[in-house]
Amino acid sequence: MAKKTPRTPYVRLTRPLVRDAGELRPASWDEALDRAAEGFRRNVEAHGPDAFGMFSCARATNEMNYVAQKFTRVVIGTNNVDSCNRTCHAPSVAGLAAAFGSGGGTSSYQEIEDTDLIVLWGSSAREAHPIFFQHVLKAIRRGTRVFAVDPRRTSTARWADRWLGLNVGTDIPLANAIAREIIHAGLHNTTFIERGTSGFAEFAASVEPWTPAAAERETGVPAAAIRELAHAYARADRAQLCWTLGITEHHNATDNVRALINLALLTGHVGRYGSGLNPLRGQNNVQGGGDMGAIPDRLAGFQDILDPAVRARFARAWGREIQPRHGLNLTDMLAAMGAGTMTTAYIIGENPTQSEADAEHTVKRLGLLDHLVVQDIFLTKTARMADVVLPAGAAWCESDGTMTNSERRVQRVRKALDPPGEARDDIEIMCALARRLGHDWHYERAEDIWDEVRSLSPIHAGMTYARLEERQGIQWPCYSEDRLEPSFLHSRLWETDPEVRGRPAPFAVLRHSPPVDRLDQEFPLRLTTGRRLDSYNTGVQSGGFASPLRRGENVELSPEDAERLGVVPGEQVRISSRRGTVTAPAFVDPALRPGLVFMTMHFPDEVDTNSLTIEATDPIAGTAEYKATAVRVEKVLGPAGGH
Amino acid sequence: MTERSEEIKRHAPVVTRPDEGGLTTVVPLAPPRRLVDVTVDGEPVRVPEGSAILAACSGTPTLCYGDTLTPKNACRVCVVEVTGSRTLVPACSRRVEPGMEITTDSERVRHSRRLVLELLGSSTDLSTTPGAAEWSEEYGAWPERFGPRGEPSTDRDARHPGAHEATDGATAATVAQPAKVDNDLYVRDYGKCILCYKCVDACGEQWQNTFAIGVAGRGFDARISTEHAAPLPDSACVYCGNCIEVCPTGALSFKSEYDMRAAGTWDESRQTETTTICTYCGVGCNVTLHVQDNEIVKVGSPHDNPVTHGNLCVKGRFGFQHVQNRG
Numbered sequence: 022m023a024k025k026t027p028r029t030p031y032v033r034l035t036r037p038l039v040r041d042a043g044e045l046r047p048a049s050w051d052e053a054l055d056r057a058a059e060g061f062r063r064n065v066e067a068h069g070p071d072a073f074g075m076f077s078c079a080r081a082t083n084e085m086n087y088v089a090q091k092f093t094r095v096v097i098g099t100n101n102v103d104s105c106n107r108t109c110h111a112p113s114v115a116g117l118a119a120a121f122g123s124g125g126g127t128s129s130y131q132e133i134e135d136t137d138l139i140v141l142w143g144s145s146a147r148e149a150h151p152i153f154f155q156h157v158l159k160a161i162r163r164g165t166r167v168f169a170v171d172p173r174r175t176s177t178a179r180w181a182d183r184w185l186g187l188n189v190g191t192d193i194p195l196a197n198a199i200a201r202e203i204i205h206a207g208l209h210n211t212t213f214i215e216r217g218t219s220g221f222a223e224f225a226a227s228v229e230p231w232t233p234a235a236a237e238r239e240t241g242v243p244a245a246a247i248r249e250l251a252h253a254y255a256r257a258d259r260a261q262l263c264w265t266l267g268i269t270e271h272h273n274a275t276d277n278v279r280a281l282i283n284l285a286l287l288t289g290h291v292g293r294y295g296s297g298l299n300p301l302r303g304q305n306n307v308q309g310g311g312d313m314g315a316i317p318d319r320l321a322g323f324q325d326i327l328d329p330a331v332r333a334r335f336a337r338a339w340g341r342e343i344q345p346r347h348g349l350n351l352t353d354m355l356a357a358m359g360a361g362t363m364t365t366a367y368i369i370g371e372n373p374t375q376s377e378a379d380a381e382h383t384v385k386r387l388g389l390l391d392h393l394v395v396q397d398i399f400l401t402k403t404a405r406m407a408d409v410v411l412p413a414g415a416a417w418c419e420s421d422g423t424m425t426n427s428e429r430r431v432q433r434v435r436k437a438l439d440p441p442g443e444a445r446d447d448i449e450i451m452c453a454l455a456r457r458l459g460h461d462w463h464y465e466r467a468e469d470i471w472d473e474v475r476s477l478s479p480i481h482a483g484m485t486y487a488r489l490e491e492r493q494g495i496q497w498p499c500y501s502e503d504r505l506e507p508s509f510l511h512s513r514l515w516e517t518d519p520e521v522r523g524r525p526a527p528f529a530v531l532r533h534s535p536p537v538d539r540l541d542q543e544f545p546l547r548l549t550t551g552r553r554l555d556s557y558n559t560g561v562q563s564g565g566f567a568s569p570l571r572r573g574e575n576v577e578l579s580p581e582d583a584e585r586l587g588v589v590p591g592e593q594v595r596i597s598s599r600r601g602t603v604t605a606p607a608f609v610d611p612a613l614r615p616g617l618v619f620m621t622m623h624f625p626d627e628v629d630t631n632s633l634t635i636e637a638t639d640p641i642a643g644t645a646e647y648k649a650t651a652v653r654v655e656k657v658l659g660p661a662g663g664h
Numbered sequence: 562m563t564e565r566s567e568e569i570k571r572h573a574p575v576v577t578r579p580d581e582g583g584l585t586t587v588v589p590l591a592p593p594r595r596l597v598d599v600t601v602d603g604e605p606v607r608v609p610e611g612s613a614i615l616a617a618c619s620g621t622p623t624l625c626y627g628d629t630l631t632p633k634n635a636c637r638v639c640v641v642e643v644t645g646s647r648t649l650v651p652a653c654s655r656r657v658e659p660g661m662e663i664t665t666d667s668e669r670v671r672h673s674r675r676l677v678l679e680l681l682g683s684s685t686d687l688s689t690t691p692g693a694a695e696w697s698e699e700y701g702a703w704p705e706r707f708g709p710r711g712e713p714s715t716d717r718d719a720r721h722p723g724a725h726e727a728t729d730g731a732t733a734a735t736v737a738q739p740a741k742v743d744n745d746l747y748v749r750d751y752g753k754c755i756l757c758y759k760c761v762d763a764c765g766e767q768w769q770n771t772f773a774i775g776v777a778g779r780g781f782d783a784r785i786s787t788e789h790a791a792p793l794p795d796s797a798c799v800y801c802g803n804c805i806e807v808c809p810t811g812a813l814s815f816k817s818e819y820d821m822r823a824a825g826t827w828d829e830s831r832q833t834e835t836t837t838i839c840t841y842c843g844v845g846c847n848v849t850l851h852v853q854d855n856e857i858v859k860v861g862s863p864h865d866n867p868v869t870h871g872n873l874c875v876k877g878r879f880g881f882q883h884v885q886n887r888g
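Respectively, the protein sequence lines represent chains A and B.
Just so you know, we're using this note's numbering here: the first sequence kicks off at 22 and counts up by one.
Just so you know, we're using this note's numbering here: the second sequence kicks off at 562 and counts up by one.
In isolation and in its complexed conformation, chain A is listed as follows (with noise of 0.2 Å):
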């Protein structure tokens, strides 16, 4: 069998490097940080602070991102700031704040396993989120009715009581034909409607085209198993509906969020123990990174960054005014360095040239900054195309802090390891850059950021480290020391008394939009992109250990299109796009309806699928369409691969 040899795995960086003559060479610290903060004054004072961009770090703690953003509108003047989880669970965020007003799921994993009803939709628990679905198997050993929604069987839909494969793209007509089915049952929760919801009627009509033989013409799935749901999910007493990128990395991901909201609206399956909406977020910080205010339009705590008077809550804390605007997030900011507008950013712990959809565009926009500033662990593929890179610790054991989950449990991370070589500490080199930009700052401890955080964020108030450590985590809100709030959210939304309710969250009329890629003569299979169990995003961290699971970059095809292809297990094969052209041997799995393939984003060195991937973004919250590409499988002729 064609086999590439195995990358080396990367190497802790234990100096910091400079670029001279074009090439990166060690350098001192006091050198390094110099050159760094000369850039960014030099940037700032030539094209004004929004020249510049932040890429806070979705792997960090708590207060490292606080850091950063606060380093981004205090030290810079800008609110440039965002975070990987552009790339992933931004539209989860964009969707449930437009309809609650935060945007965090709404349950504990603990209701997970208390709920009658898991539809786990667009999610490969059992293999992305492992220790999350083992809450899963709790409840299914226990009686709970589980449903996938997913274009391929995977292994979690192995445990489902009831797989529904839908095409790719078109999880909107899926959502709107089951809520067409629980109106027309009289099955939806008429008290939690008037209560709690706006926009009822026109929901109501908007759904009423998708019948579920019209849905099922367009889904693939057929109307029985549409009818099943609608009903098994509309007559639970308790119901979570869960979901991971199958449904945020498409090109309209926040529609995709609110398609599932408006099923939760309709049944009253939010709000109240056990029945929530839980997006199962990527990185073990990304939750957090938000909500620190490491985005470009949120303040810690998802306070609104147009709000006045947050602001000058924030600017009297800080002691400079907050810009009145929303930043740029991570795509407009990679877009402005395409236009010229952004010319300096300062990466933390990111990788974009390997994560981003349509990776070779990335490279080229980074080739355009004047000044690059990439803080790492590992010299990644940005780092080599920075002009200063500066080594640091590993967030997760080299520092302390905290970090918040998926069930917006924030939780004590602790230093287990000294840095090595000359690595610092995120904050540390954040504060030595600050003070030679002229800002003062020094944190002795982790804690004094953190209670900072407090005093600006009602809901981290009440979560000091004591209590943190004692109880093993906080979830938010947690409004003060003395008192928890329940394990879910919004339950405001059945009160009786309107005052007490609050707004109501509204339904969202829909539009399908099937994906950009646009299947063809020329391009006719659906390729979609995941992870698997042992590995992780671009590899970086996953291809340290020697996994006996791992077995490289494979293009998984169906039965049937291997066949129609004479293609054989193991043979490589050719997978173009529009875009790019990568080889990568077959890989045959019977979980795959004909028309679909799979690919991770595990191994970029050995083969780019990024390169393949759109950047058909979403318009509110600027994920990329990774899920949803044209390409065309060929076998690769002359010597066929070595096997």
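Calculated from the structure, these hints are not laboratory results.
Don't be surprised by glycine CBs; every beta carbon is placed ideally from N, CA and C.
Careful, some of the hints might be misleading.
As the list claims (entries may be wrong) - Over 10 Å on every C-beta distance to chain B, these chain A residues come out as not near it, computed from the model:
{"#": "1", "residue": "G43"}
{"#": "2", "residue": "V65"}
{"#": "3", "residue": "D353"}
{"#": "4", "residue": "E419"}
{"#": "5", "residue": "S476"}
{"#": "6", "residue": "T602"}
{"#": "7", "residue": "D629"}
To be verified - Label pairs and their in silico Cβ distance ranges:
{"#": "8", "chain 1": "B", "residue 1": "S830", "chain 2": "A", "residue 2": "R456", "range": "53 to 63 Å"}
{"#": "9", "chain 1": "B", "residue 1": "D795", "chain 2": "A", "residue 2": "R456", "range": "50 to 60 Å"}
{"#": "10", "chain 1": "A", "residue 1": "R162", "chain 2": "B", "residue 2": "P722", "range": "25 to 35 Å"}
{"#": "11", "chain 1": "A", "residue 1": "P545", "chain 2": "B", "residue 2": "F772", "range": "37 to 47 Å"}
Assemble chain B onto chain A, guided by the hints.
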């Protein structure tokens, strides 16, 4: 045996499948628990209703008991006397009842525990079992009285039920055998296995639901095995290591620990244990890093943690090497 099956049945959750369409609540929420008064060696103790006797008697030795698992009642080292009960009862699984009188240190209890430790100690390598040396001392266990230990065997995986040959009585039968080192992540050293079944339960329906291992063979030839004794890379194993987390004897261990023990460098007195958050997905698993000389040598998870209940996946348990590839 009836005692065991009854105990298991009492632990089994209520499972009622809903009708098609699912109208009923299938998962009842647990009611609050009352406290129950019992006496332990004459002293009054109060524990929550439904607890096992073990909750009332701290310091009781246990081997097959797992705080995250349904009791298996396999090892019998935790037995106590309950007034009115004909036989000794396993403290790990018998539930407390109001007014129960429990005796933990009678001669009958001590004799039984001693015999259990002697039989296990004569047939199994307990050198890495936490507590085994102290308990053997405390109960006066003398495994050597069964004679010198028999030779390690290499054919245990191939023994069929009924094929067992008794030894001549001059040497103690043992389960000694070469350790199975068939992957880079963890080692199975079944010469240390006491057949507590905890790994099987953790791999199977109680946690991981992967079912890569089960019990093969009968009687003294019984052993934990993959399907057809296949090496792990050819088995259903997904390397979550949740079997290592529950193994009470060190039969299952990180390859890093196994190699360091072989090299004589494993030194728990120089190790720190720090609980932090896993670096991979957003579930937020708590990982306890065992660190010796600034190197992660082993990873666990707190058993009482609401996110993990002591379980991790392959990345959380074994995916730490990238931080210590220091060039």
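* List of violated hint numbers, smallest to largest -> 4, 8
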